[in-house]
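*Asks:* From first to last, the protein sequence lines are chains A and B. For the first sequence, our numbering begins at 1 and goes up steadily by one. For the second sequence, our numbering begins at 985 and goes up steadily by one.
No wet-lab data here; the hints were simulated from the structure. Just so you know, not all the hints are guaranteed correct.
Claimed, not checked - Listed next, the in silico DMTMM-like pairs over lysine to aspartate or glutamate satisfying Cα-Cα at most 25 Å (straight line):
{"no.": "1", "chain 1": "A", "residue 1": "K872", "chain 2": "B", "residue 2": "E1025"}
{"no.": "2", "chain 1": "A", "residue 1": "K225", "chain 2": "B", "residue 2": "E995"}
{"no.": "3", "chain 1": "A", "residue 1": "K456", "chain 2": "A", "residue 2": "E215"}
{"no.": "4", "chain 1": "A", "residue 1": "K634", "chain 2": "A", "residue 2": "E215"}
{"no.": "5", "chain 1": "A", "residue 1": "K866", "chain 2": "B", "residue 2": "E995"}
{"no.": "6", "chain 1": "A", "residue 1": "K457", "chain 2": "B", "residue 2": "E1006"}
{"no.": "7", "chain 1": "A", "residue 1": "K896", "chain 2": "A", "residue 2": "E910"}
{"no.": "8", "chain 1": "A", "residue 1": "K872", "chain 2": "B", "residue 2": "E1006"}
{"no.": "9", "chain 1": "B", "residue 1": "K1067", "chain 2": "A", "residue 2": "D657"}
{"no.": "10", "chain 1": "A", "residue 1": "K268", "chain 2": "A", "residue 2": "D209"}
{"no.": "11", "chain 1": "A", "residue 1": "K882", "chain 2": "B", "residue 2": "E1025"}
{"no.": "12", "chain 1": "A", "residue 1": "K456", "chain 2": "A", "residue 2": "E483"}
{"no.": "13", "chain 1": "A", "residue 1": "K509", "chain 2": "A", "residue 2": "E559"}
Said to hold, decoys possible - Some chain B residues close to chain A (C-beta under 7 Å, calculated; not the full set):
{"no.": "14", "residue": "M985"}
{"no.": "15", "residue": "C993"}
{"no.": "16", "residue": "P1015"}
Claimed, not checked - Stretch by stretch, here's where chain B covers chain A in the computed footprint (C-beta under 8 Å, at least three residues):
{"no.": "17", "region": "720-726"}
{"no.": "18", "region": "867-874"}
We treat Cβ as the ideally placed atom computed from N, Cα and C, and that holds for glycine.
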Amino acid sequence: MSENKIYFKFDGKTYGGNQGDTIASALLRNEVKLVGRSFKYHRPRGIYTCGIEEPNALVQLINEHNEPNVRATVKKIYDGMVVKSQNRWPSLKRDLGSINNLLSPIFSAGFYYKTFMGPKGFWKNVYEPLIRRTAGLGKPPREFKSKSIHLHHNIDILIVGGGLAGLLAAKKLAGTDQDVLLVERDNNLGGILRNSNKIKSIDGQKSADWIEKTEWLLKSANNIKILKNTTVTTYNYKDHLIAIEDKTVGAQPDNNKPELVMHKIRTKHTVLANGHIERFLSFRNNDLPGVMLAASFEKYIHRYGVVADTSPVIFTNNSSTFSLLKTMVDMNHKPKAYVDVRDSKKIEKETLELINNYNIPFYPKSEIEGCEGKNQIEKVFIRTKKDKTLKIKTSMLCISGGLNPDIHLFTQSKGLVKWDEKILTFKPEKSFQNTITLGSVSGNFHFEKLVEEVNKKLGFIEGCNNVNTNIEVLGPKEFYIKEIWETKSLKKSLWSKSFIDLQNDVTTKDLRQAIREGFDRIEHLKRFTTNSMGTDQGKISSINALGIASKLLKKSVSEVGTTTYRPPYSPVSFSAIAGRSTYEFYDPVRKTPIHPWHEKQNAVFEDVGQWKRPWYFKKNENESMRDAVQRESKKVRESAGILDGSTLGKIEIKGRDALQFINLMYTNSFTKMKPMSGRYGLMLGEDGMVKDDGIVCKINDQHFIATTTTGGAASVLSHMEEYAQTEWPHMNVFMNSITEQFSTFNLSGPKSRIIIQRVFPSVDFSNEKFPYMTFKFLDYLDTQVRILRASFTGELGYEIYVPPKHALKLWERIFYSSRDIELVPYGTETMHLLRAEKGYIIVGQDTDGTVTPIDLNLNWMIGKNKNDFIGKRSLNRSDIIKSDRKQLVGLVPIDKSYGIEEGQHVIEQENLSTPIKKPVKMLGQVTSSYFSPTLNHSVAMALIKEGNRKIGSHLFVSTSNLNTIAVEVVKPNFIDPENVRLKS
Amino acid sequence: MLLINCPYCGERDQSEFTNGGEAHVIRPKNPENVNDREWSEYVFIRANPKGIYYERWVHSHGCKKWFNAIRNTSTDEILKVYKMGESPPPIKGFKNTLKSPSGEPDVGSGNFAVKKT
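Extracted from the complex, chain B is given alone in its bound form (with noise of 0.2 Å):
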């Protein structure tokens, strides 16, 4: 149960909010001049990152309203939140939480619980 920083409301429960996948996927301007590929990775096509996802969430049962969150998804640390058209905040001080080339963090991923020695 993550704890959610609205940036209209303060920090809720998860449960007060619902996730809209993918932040940043940018609705082509105009769409009759995209060919069938373009659009079609504008409608199916997610990342699905293992580390670092910008991601949207909507304060569903509170605000109602949209905003972007970067979470660590192996993690499900949230890094930051940002209103809607507000560019990415660096995250740069969380960095130290992404070690391997896979993105498995020292702990927290859940995958292993040994310290390996």
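Isolated chain A, as found in the complex (with noise of 0.2 Å):
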């Protein structure tokens, strides 16, 4: 062992650990054996094995991260690490939560469900908060930081798992063609060859020599890449497998690193040689610390060189606890007592010799009924074969209940199992993927058989030869095993519990009351006592589970049936997940090349999608939003103003049959139409509804450049894509996305002709050469630039289509070109405004995908003569004809003081009783709002029941308290309704 003393705090006191020790093995060095409190009853909890298995020693990590549920039988210690204890106050030996204990019979199996029934209102204001506080593992980190990343990979083979199959496996495929990924969890490779002796020796050699040999003849193949500290998480279909690897084992988070790597592995093979998992066993008080799986502690011994207890009592029901017996005598430590449930004419020889060389107290056919101890244990009782109960003082016991193949990945990939009566437990029967199971994961717990295995399984992969490992194993060879599930507890007191589930705390007396009550299902039976639904996944007791409930049940395990494993194996961080993609690389934030005039402007920007746009422009620091945009919405009226549209949805449509293409795309007609101009379009779901608009510039029959809304401009490219591809793969047609390639400006405002003539004075603006909905190309500086008479606001206005890397120098020069001539810069709310005013609808705004054309009073766009469009037929259906839908109207309050709500209910009654006894009947809802500056009052449009038919009549519109607002309902078009201002 290496005298580096490596120094890290647990619960405030420093302790001093050896290089490479987990926490559990520190503390175990330093005689630690409390080292939490349960979830549910606050009983005192220990290490109770030395793997990711562990369902008691959680702890938590204070740090930057402030890691919680942190195994510390899995985590390695660095210097200066500070862990606490989790789930327990004031402190871990004198816990005030564990009256819970004494309480247990109110929180048996399915409590949450029966506890908590009542009164109303208690279980938000009392019950859950007593829950949160009493039940629970530890803190979350207060800051989410994520130095993760993601690592995908394309392999022909992955091992999971670097032990004594694993390691065999890769031997054999080492030097040939296949692109292998060996990945092991531990932070070394050997596996049941470093954790055990009951390998004698391999090759003739000492199982740490051969480790190292094999892995420098790995390594040196050019095949083979090995991954350390690598846990495989998650097996999916098509041999897609997850694995996270830990970065900072050992050592402090850098925050120069990656802390964690997730793996996407795609394979075409996958060997799973991921072994076996000890099972505990049930009697009284199984849960006290100082318990331990047989196996773990003699893991404990050969991997860190810790002896926990040098007498410890051994309870088992098979062969696997000779090697720990073996370990103890080899080391001269003799335990206090050997109990095998077994008759001694079962138990093999090799055990037997060892227990009579050594004269180790013997208890065949017996079993331990209980133990006893005030936070950890002190005492076990012994039920003798000949029915007597005998007490034995011991500060540890060692449990084994028998070896369960780890399943877990395999069931994940859709393999079948089946239940071995010989060895009992659930092993692989036939894989659904691409699955080759080696070792003790197959079931195979006959070492020296296992060379042959891996040849005969792996024997189908082009170039690789046999291998001719030779192991020589110690003690018995074959796995014997006698059924047992739980021993029958004498003593009964409040205190005394036999768990199934410790990390749950779930006893066995919530899965026999579970099962009373009639859920003798599996799945149910989980799901009611919460059983094996913790951390761990009930790793360690999950089969003892459908042992307990078959025997209740009459029936055998394989008709019980196991519940479905669930990736992820073990808790994955949120971390590894969100790997890169978090805050600016989760969403990343677009900007229009305008974007630093802006910010130099006082502009508050609101995210449209991904895109940073201005809000409204602050005059000053003291301007309010309402006062900024009843100024700029003014300002455009009166003189003129400027909008950034470069967000706007560009596309670009080209080929011989663009025209029919469009034709078919929107609800107008483009047939008619000359070439250079621009038409409002409307495009609806097959469903009829309208799900974007647009201007479509007509460039000729051949070529058609549209715009979309912000929002919807990667939705409608891929739905015209859709369309031709799937729909009309006969037509030549072809279309592109080109938002970013024009930054857009929209000019508007009674004085926006002067402004632009200014700016290209070769062209004729006028009325008559330069009429509304129609577009010129014009050369400007090396390029070109298209302006397009058009307007969102009501006002003369024309949008400016220019590349992107002359926008801001253009921008710019407009602003200069009108500095004698009011021109504001205004954002999105006063567009709304503008346009609100004028009538014009904001798909997503004022329709939510359950509103037509019609609905909308926009029957003048459906193109009556076009034989179809996308969503015509949809318009002749007999719901969407009806004339009680909802159609939209627009509302002026009749009080012209009175602002209206977006969002609030438009209804017929002026006075809702307090409180509301009787339901409201509703008409429909506002869908936009805005105080009009030119008008001095508010206006509003709204979605209302038969609205058409209502227009002139007076409604009421609700407000955030009980008083509702009177309005008039109007034709939705507050300003120029005969569109002088638009066409002058």
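Could you use the hints to bring the two separately framed chains together as a complex?
*Replies:* Below, the structure is given as structure tokens:
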């Protein structure tokens, strides 16, 4: 053992550990046995295992990341590490929550469902806060930070597990053409070879030497990559596995290096060599600190050089504990007792020899009735074969209830498992994907037969030779086991409990009660009792629960079946899932070329999709949003304003059949439209509902440019692509997004003609030469600019499309040219106000996917003479032509001093009783509402039932209190209904 | 995470694709000539079988091409892919994955993990 001491803190006290120690091995080295309190009953808990299966020893790491629920049996210590126990108050040794243990009758199976039923309001105010305080695990980090990354692998063969079976498989594949990845969750290879003395020699060498040579051999083969500290958590279809690599093992997290790496592995074949997990047994107080799985106790000795106790009691029902016994006597430690459920005639001769030779107190055909102690085990009670109970003082009890092949990943892959009566466990029966199981995960506990298995199962792979490794086993070669799941308790007190799930505090009594209550299906039983639903997923106990349930139901375990294993195999940090996709990297921010100018002009920005758009411009620090918007709006109508519309979606459509295609995509007819003119187009879904809108410009019948809403750009393009490829593939038409290729400025207002004339003096902008809804291309610097006369404000207006590299210059030039004219930059809020005054809709605000063009009174946009367009047939469906659908109308408050709120209900009754007793008939809802500075009162748009017929009538709009506002229903066109300004 | 064989690009991760629902739903040639019921079946009604399903995919983060696939919905196996406009290829070789009347295969559905003896 290395003498490099590492110092760390546990609950405020400093301890020393060795290089390579886990928190658990270091604590055991310091004889600390109590490490936590349990989830529900706050019972004292210790270290139960020596690996990923740990249900009890979950601790909180105190650092920048504040990592909760860390397995003390997995996490390696580093110098200065600060560790705290969880779920205890005020301290680990004196925990007030342990009163729950005495209240346990109310915490029985299904207690959440039964106990906290009423009275009303109690759940939210009393029960939940109480439960949250007393039940639970660690505390989450305060701030989420991810320093993790994702890596992708495309390989031929993935080997999960670098133990004996995994190493043999890798050895067989070394030097072939196969691209192999070997993944080991520990920080070194070897598995069982390092964790026990079950293998006497391998190829005539000591295990450690063989591992070293084999690792060197694998590393020098250029087709094998080895990943250590990497746990495979997920096995998806199709042979797609996810593994999490911990880059911080044994070191403080480094700010400049990835913390975790998520490996996404696509492979042709998966070799599962991930071994087995020892299971426990249920008896009275089987949760006390000092009770530990036998193989884990042995692993602490071989891996970490920690003998947690020199004279433990060993309790077993199988032959695997031979190696622990051998390890102990080899070290001159004599176990206090060897308790075996089996008859001495059934116990393998190797074990019996050891017991005889070393004179170990031996209790065949006996069992542990229970154990007792305060904060840790002090004595055990043995029920001997003559049914006598014997008390033995001990501070450690090692138990083994059998071995479970670790079939978690195999069943995730949707492979089929089968119950094996001989070894009393589920083992893989039939693969669904390209999955090969090797070694103990396949149910082969016979090490000497492993080489044969590897050669047989991997023999199909081209270019690999047989491995001829000679494995010599110490002790019994076969695995012998006798069925037992729970021993009978004698003593009954409130404190005495026999656990089936240590992490979730589920007792065998809970199982029995649940089955009595009719939860006889294993999936129901699991959810009702929360058995195996902790973060350890019942790795050491779920099969035991099946065993107990099968006995109670008088069925075979095979008939009871197993619950579905779901990913992940072990908890995955959100940091690993997020990878680099956090904050600005999660959702990129898109800025227009004019963005720096907006910032200088005190723009307040609004997020529109990924875009940052100016919402409004603050004239000075004290100007409120309302004042700014009123000012901007007024100026546009009086003089001129300019909006950065660069975010508008733009799609270019070309091809011989472009005209025909456009006619099918939009409701309008584009056939008779003159080249170099634009038209407001409406796009429907096949269900007849408004999907998007925009201006379609026709350059000629084979070339169109369409604009879309800012948010709809991507979906409109894919909608077009879908129809072009799937419905009308015979058409010659191509489309492309040109959103980023052009910046767009919307110049608007009575003085916009003067301004644009100054900027582009070579063009005649007179009404006759440049009428409404026409466009022109003109040369500008080294490129072309397109100017479209169109407006979304109702004023005379021009849209300028310019390549982004010249955009900011041109924008500044426009302002320079109008230095003696009042030209205001305006934001999206003013744009919304102005278009609402004019009665123009915004798709997604005034429509919601249930609104047809007819509902919007846009019948004039429907090409009646067209045979077909997307959604046309739906407009004749009986439900769509009903007259009592909601229709778009305008609302004006009768008392002009009132404002109308967006989203409020439109109703018929003026007075609402307090409290409201009868349902209020709702006619519809307000979709847009603004205070018009030009009209000096509120204007609103609303979708209301039979709206067209209600024009001229008076209705009411609800408010956030119980008052209502009287409104007049008008046509949704508040300013310039004759379009005089627009076309001037 | 499926591995999808785009007929234009080859095998790619599922994350590059978008599912487009049932395939071979034919848009009526003359929508005006079909009655409300027939039209609404075209617009709204889609099959949702357990077992063999003909569906559309688009390689949205790739070549952006639409194509068809035959997928066993109970196991997620993609049996065949073929281009738009092509008629579905035969899938005889895969019939054995569909054993029971409800379309439950003997392995791979995830509905049960234990071999019944």
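*Asks:* Tell me if the straight-line CA distance from A:K509 to A:E559 falls inside 25 Å.
*Replies:* 22 Å, holds
*Asks:* So, as I understand it, the hint says B:P1015 touches chain A; can you test that by seeing if any CB pair is closer than 7 Å?
*Replies:* Since chain A brings a Cβ to about 4 Å from B:P1015, closer than 7 Å, the hint holds.
*Asks:* Do three or more residues from the region 720-726 of chain A put their C-beta atoms closer than 8 Å to C-beta atoms of chain B?
*Replies:* holds (count 4)
*Asks:* Taking 8 Å as the Cβ threshold, is the statement that the region 867-874 of chain A is covered by chain B upheld or broken by the three-residue rule?
*Replies:* holds (count 5)
*Asks:* Min Cβ distance, B:M985 to chain A: is it shorter than 7 Å?
*Replies:* With a closest approach of 4 Å, the B:M985 hint holds.
*Asks:* Does B:E1006 lie within 25 Å of A:K457 when you go C-alpha to C-alpha?
*Replies:* 40 Å, violated
*Asks:* So if I understand the rule, the pair passes when the alpha-carbon distance is 25 Å or less; does A:K456 with A:E483 pass?
*Replies:* 31 Å, violated
*Asks:* Does B:E1025 lie within 25 Å of A:K872 when you go C-alpha to C-alpha?
*Replies:* Holds, at roughly 15 Å.
*Asks:* Holds or violated: are the alpha carbons of A:K882 and B:E1025 at most 25 Å from each other?
*Replies:* The hint holds at about 20 Å.
*Asks:* Going straight from one Cα to the other, do A:K225 and B:E995 come out at no more than 25 Å?
*Replies:* 23 Å, holds
*Asks:* Is the hint on B:C993 kept, meaning its closest Cβ partner in chain A is under 7 Å away?
*Replies:* 14 Å, violated
*Asks:* Keeping to a limit of 25 Å between CA atoms, is the pair of A:K634 and A:E215 held or broken?
*Replies:* 78 Å, violated
Hints 4, 5, 6, 10, 12 and 15 from the earlier list are contradicted by this structure; the remaining hints agree with it.
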